[in-house]
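S.K.: Below are the chains, spelled out letter by letter.
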Amino acid sequence: MSRAAPGPEDRHAHSPGTDGGAAAGCAEAVVDTGRPGGRVLAALAGFRAPVVWILLAIAFFTSISGKPVDGVLLLIVATGLAWDAGRRTLRHPEAGRGAEAGPGAVPRPAGRYGGRRRLAAVTALLAGGAAYAGVVGSFSRYSWPVTACIIGLGTVVVVIGWHGPLRDRSAGGRLPVAGTLAWVAVLVVGCLWELGALLQQPSLTTDSYAHPTISTLTDPVLATSPGRAVVLLAWLALGWYLAER
Amino acid sequence: MRSHEVTIAGYLVVLAGIVVLQVLATRTRARVPSLGDLLTRAMRSRTGRVGVLVAWAWIGLHYFAK
Numbered sequence: 001m002s003r004a005a006p007g008p009e010d011r012h013a014h015s016p017g018t019d020g021g022a023a024a025g026c027a028e029a030v031v032d033t034g035r036p037g038g039r040v041l042a043a044l045a046g047f048r049a050p051v052v053w054i055l056l057a058i059a060f061f062t063s064i065s066g067k068p069v070d071g072v073l074l075l076i077v078a079t080g081l082a083w084d085a086g087r088r089t090l091r092h093p094e095a096g097r098g099a100e101a102g103p104g105a106v107p108r109p110a111g112r113y114g115g116r117r118r119l120a121a122v123t124a125l126l127a128g129g130a131a132y133a134g135v136v137g138s139f140s141r142y143s144w145p146v147t148a149c150i151i152g153l154g155t156v157v158v159v160i161g162w163h164g165p166l167r168d169r170s171a172g173g174r175l176p177v178a179g180t181l182a183w184v185a186v187l188v189v190g191c192l193w194e195l196g197a198l199l200q201q202p203s204l205t206t207d208s209y210a211h212p213t214i215s216t217l218t219d220p221v222l223a224t225s226p227g228r229a230v231v232l233l234a235w236l237a238l239g240w241y242l243a244e245r
Numbered sequence: 001m002r003s004h005e006v007t008i009a010g011y012l013v014v015l016a017g018i019v020v021l022q023v024l025a026t027r028t029r030a031r032v033p034s035l036g037d038l039l040t041r042a043m044r045s046r047t048g049r050v051g052v053l054v055a056w057a058w059i060g061l062h063y064f065a066k
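In the order they appear, the protein sequences are chains A and B. Residues 1 to 245 (the numbering used here) are what the first sequence spells out, left to right. Residues 1 to 66 (the numbering used here) are what the second sequence spells out, left to right.
Misleading hints may appear alongside valid ones.
Straight line, CA to CA, 20 Å or less: simulated SDA-like cross-link-like pairs of lysine to any residue [what the hints assert, rightly or not]:
#1 K66(B) to A229(A)
#2 K66(B) to T224(A)
#3 K66(B) to V69(A)
#4 K66(B) to V231(A)
Chain A residues, not near chain B, derived (Cβ > 10 Å throughout) [said to hold, decoys possible]:
#5 K67
#6 R116
#7 V122
#8 L125
#9 A127
#10 G129
#11 A130
#12 S143
#13 P220
#14 S225
#15 R228
#16 L242
Derived from the structure by calculation, the hints contain no laboratory data. Cβ coordinates follow ideal geometry from the N, Cα and C atoms, glycine included.
Excised from the complex, chain A in its bound form:
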């Protein structure tokens, strides 16, 4: 197994950054695990990662929007992520590197599948994805069968991602600040617009024609079995794309 080139988390450990890995890495630098209470502080270090708080916020809003199952699952993942980062902080307090650079973060080697094997794997994945979308799309929305299928696949993908990227990728150079801020601005505005529509509904669980959320706008498409299958295919394709990152 080959190790990847040092990622941004490694550099950020020396120069505090803004991503989740850096947050955990910074915690290592300030927590003395030898002192009384140091281990507790180190275990809590995972909560310094912004991603954990974003997940907790989504869990909260999802729960009060009438989707308690989603909320509980997100709460479990956010807590597990924080615990994992804190645990790695305790295991490697002397490393001086980000907790993200622990053994569990070792990327998988590139080119595991070569040529025909990769083609066969891709073909099998495409066929499996099409079958999954067709079968799950045939179930009613919000039914237990579709819930089980979505949770099952989501869990598999998250667990795979937890152990590292599928392929080794170079960290790349520093992202241009202005361009990155432009992306952040557009995405934050989008989230706030959606939140504004949600809060202007008669209640959090009652749709509004005057202030439709994206979910409300997509309801007509998801009301039909073919529509659900197409959206599920897009969701699977996005998941594949992300898993390959």
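We have chain A already, so just place chain B on it with the hints.
M.R.: Just chain B, lined up with the frame of chain A:
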């Protein structure tokens, strides 16, 4: 213009912003990263990688699951 149209127009403006930034990133020399670059960078750390994948899973849960 009614509230319904205004709300939808807002979504379209955000979508247009995403398309413009992606075009700037991939078709010009502007110093704008592509969405793929942003995701790749965000997923360099374990928390970032898991966070993005959980966000993807949440989309499926939100639209289909109980």
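S.K.: For every hint, state whether the structure bears it out.
M.R.: Against the structure, the hints come out as follows:
For a cut-off of 20 Å, the pair hint linking K66(B) to A229(A) stands: about 17 Å separates their Cα positions. Proposed proximity of K66(B) and T224(A) is supported: the alpha carbons are some 17 Å apart, at most 20 Å. In summary, the hint linking K66(B) to V69(A) is supported, as the alpha carbons are separated by about 7 Å, within the 20 Å threshold. The hinted pair formed by K66(B) and V231(A) meets the criterion: a straight-line CA distance of about 17 Å does not exceed 20 Å.
Listed as a non-interface residue, K67(A) fails to keep its Cβ farther than 10 Å from every Cβ of chain B; the least gap is roughly 7 Å. No Cβ of chain B comes within 10 Å of the Cβ of R116(A); the nearest lies about 27 Å off, and the non-interface call holds. No Cβ of chain B approaches the Cβ of V122(A) within 10 Å, the least distance being about 19 Å, so the stated non-interface status holds. Listed as outside the interface, L125(A) is consistent with that label: its C-beta sits roughly 16 Å from the nearest C-beta of chain B, beyond the 10 Å cut-off.
With a least CB separation of 20 Å from chain B, A127(A) remains clear of the 10 Å interface cut-off, as annotated. Even its closest Cβ contact with chain B, about 13 Å, leaves G129(A) beyond 10 Å, as expected for a residue assigned away from the interface. With a closest Cβ-Cβ approach of about 16 Å to chain B, A130(A) is found to remain outside the 10 Å limit, as its non-interface label requires. Its beta-carbon lying about 8 Å from the closest one in chain B, S143(A) breaks the requirement of being farther than 10 Å from that chain.
At roughly 13 Å from the closest C-beta of chain B, the C-beta of P220(A) stays outside 10 Å, upholding its exclusion from the interface. No Cβ of chain B approaches the Cβ of S225(A) within 10 Å, the least distance being about 12 Å, so the stated non-interface status holds. The Cβ of R228(A) does not lie farther than 10 Å from every Cβ of chain B; its closest approach is about 7 Å, which violates its non-interface assignment. Non-interface call for L242(A) relative to chain B: violated, since the shortest CB-CB distance, roughly 5 Å, does not exceed 10 Å.
Hint violations for this structure: numbers 5, 12, 15, 16, all remaining hints satisfied.
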